[in-house]
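First residue of the sequence shown: 764, per the numbering used here; consecutive thereafter.
Possibly wrong hints are sitting among the right ones.
What the hints assert, rightly or not - Here are the simulated lysine to any residue pairs, SDA-like style, with alpha carbons at most 25 Å apart:
hint : residue 1 : residue 2
1    : K1014     : A1030
2    : K812      : E1060
3    : K775      : C845
4    : K1014     : S1042
5    : K893      : A847
6    : K767      : I777
7    : K1085     : D1068
8    : K767      : Q1048
9    : K1085     : S1042
10   : K812      : S913
11   : K775      : S796
12   : K915      : H957
13   : K1085     : I785
14   : K1014     : P962
15   : K1008     : F944
16   : K812      : L887
17   : K1085     : Q766
18   : K801      : I1049
19   : K1008     : H906
20   : K889      : L929
21   : K767      : S856
22   : K812      : S788
23   : K835      : E783
24   : K801      : D1068
25   : K812      : P1101
26   : K1008     : Q766
27   : K933      : F895
28   : K1085     : E789
29   : K915      : Q883
30   : K792      : Q1048
31   : K801      : R776
32   : K1085     : Q1048
33   : K835      : E859
34   : K801      : E1092
35   : K765      : F800
36   : K767      : S796
37   : K812      : F955
38   : K889      : D911
Just so you know, these hints were derived from the structure itself, not from any lab.
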Amino acid sequence: MKQKFIFGGYTKRINQGIHEAILDSETGKLENSRLIFKLDKPTYVCTDKAHSTLFALIQDGNQAGVIALQEKDQRWQEIDRCLASQINACHISYYEPCQTLYLANYHQGCIDVYQFQQEQLSHLQKVAVKEFHPDLSAPVQMHFTWADPSQKLLYACNLGQDLIELFDIKEDGQLVYRQSFSLAEGVGPRHFIHHPTLPIIYVIGEYDNYIHRMTVNENDQLIEQDAVAALDQDQLREASGAAIKMTRDGKFLYCSTRFANYISVFAVDEQGQLERIQSIDTVGQIPRDFALDENEEYLLVPHQDSDFVSVFRRNPQDGRLKFANNDTEIPESVSIIPF
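I would like the entire structure built from these sequences, with the hints used as guidance.
Spelled out as structure tokens, the structure:
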């Protein structure tokens, strides 16, 4: 089996845009790496459900926003772009029911809502999150969004104020603020993942490097239950929590830590509680993001500063990882998605 992966990244040094590569599950090799589209600062990428359109963050001079790309006759082409900001966002997610995109902007403390219909992008809304917290002195730093299609809700990480924000999604995809949920001061909620069958989300703290388990009650409120360290105590000081992913069966959770440069593996019990069973060196510098392949046999880790992708074989029984190779160059990569 062969599977395509798309890589977004910085363009500060040698990178020129978005890359792709093909994973061969027979050999464990990542092959045919190539630049597919030249672009400035396409740091984060996402796709629609059908994998027909690729969306990426874009900086174009003193404007920023989102671009839509499609592959036709093995060539990637720009379909449309829409620039409604001055500073590039740090995360982008797609919501299928409304064909909307949610851009979390760390530096501007807002969420920008775009829509992609009839192969055209439009800007619908800019949500200034500071308006909901006028009494808080800490800066608003939005870092991640995730939409729950079954409940028409959007959760977002407000890293700077140690909050998870909750919004209702209107019929056209625009957001209406509902409430916020607090974590302890200094957590720095960066990303989270929803358990596939239990009403639980797992939040990774950029600053404290713990995985926080939060249950979702019948009123869609989040209640923190416990937290587990991503690394040993002597490693936490030099670490910075980054990405978090989970297997489809909900039995194993993975997270990456920058600077310390580890992937940590957690076993998940029937109640959703975590037990860290492995922390493995990523064999590179600054692993911001990572991805599992379709069969969950491999875990791929690009590196921002080392400019290559580490491939790990995954044991499906116990979830543990074993380093396979890092032969494929992908420069300055900070996000990866299967496509």
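Going through the hints against the structure:
1. K1014 x A1030: Holds. K1014 to A1030 sits at ~6 Å (cutoff 25 Å).
2. K812 x E1060: Since the Cα atoms of K812 and E1060 sit roughly 22 Å apart, the hinted pair holds (cutoff 25 Å).
3. K775 x C845: 23 Å, holds
4. K1014 x S1042: Cα-Cα ~17 Å, so holds.
5. K893 x A847: 19 Å, holds
6. K767 x I777: This hinted pair holds, its Cα atoms lying about 22 Å apart.
7. K1085 x D1068: Status holds; Cα separation ~22 Å.
8. K767 x Q1048: Holds, because 23 Å separates the two Cα atoms, which is no more than 25 Å.
9. K1085 x S1042: Distance ~11 Å between K1085 and S1042 Cα, so the pair holds.
10. K812 x S913: Holds, because 15 Å separates the two Cα atoms, which is no more than 25 Å.
11. K775 x S796: 20 Å, holds
12. K915 x H957: 15 Å, holds
13. K1085 x I785: 20 Å, holds
14. K1014 x P962: 14 Å, holds
15. K1008 x F944: 22 Å, holds
16. K812 x L887: 21 Å, holds
17. K1085 x Q766: It holds: about 20 Å lies between the C-alpha atoms, which stays within 25 Å.
18. K801 x I1049: Satisfied, since the Cα-Cα distance of roughly 23 Å is no more than 25 Å.
19. K1008 x H906: 16 Å, holds
20. K889 x L929: With Cα atoms ~15 Å apart, K889 and L929 stay inside 25 Å; holds.
21. K767 x S856: Status holds; Cα separation ~19 Å.
22. K812 x S788: 23 Å, holds
23. K835 x E783: 15 Å, holds
24. K801 x D1068: 19 Å, holds
25. K812 x P1101: Distance of about 11 Å is within 25 Å: holds.
26. K1008 x Q766: 18 Å, holds
27. K933 x F895: 18 Å, holds
28. K1085 x E789: 16 Å, holds
29. K915 x Q883: Distance ~23 Å between K915 and Q883 Cα, so the pair holds.
30. K792 x Q1048: 20 Å, holds
31. K801 x R776: 14 Å, holds
32. K1085 x Q1048: 18 Å, holds
33. K835 x E859: Holds: K835 and E859 sit about 22 Å apart, inside 25 Å.
34. K801 x E1092: 16 Å, holds
35. K765 x F800: Holds: K765 and F800 sit about 21 Å apart, inside 25 Å.
36. K767 x S796: Holds. K767 to S796 sits at ~10 Å (cutoff 25 Å).
37. K812 x F955: 20 Å, holds
38. K889 x D911: 20 Å, holds
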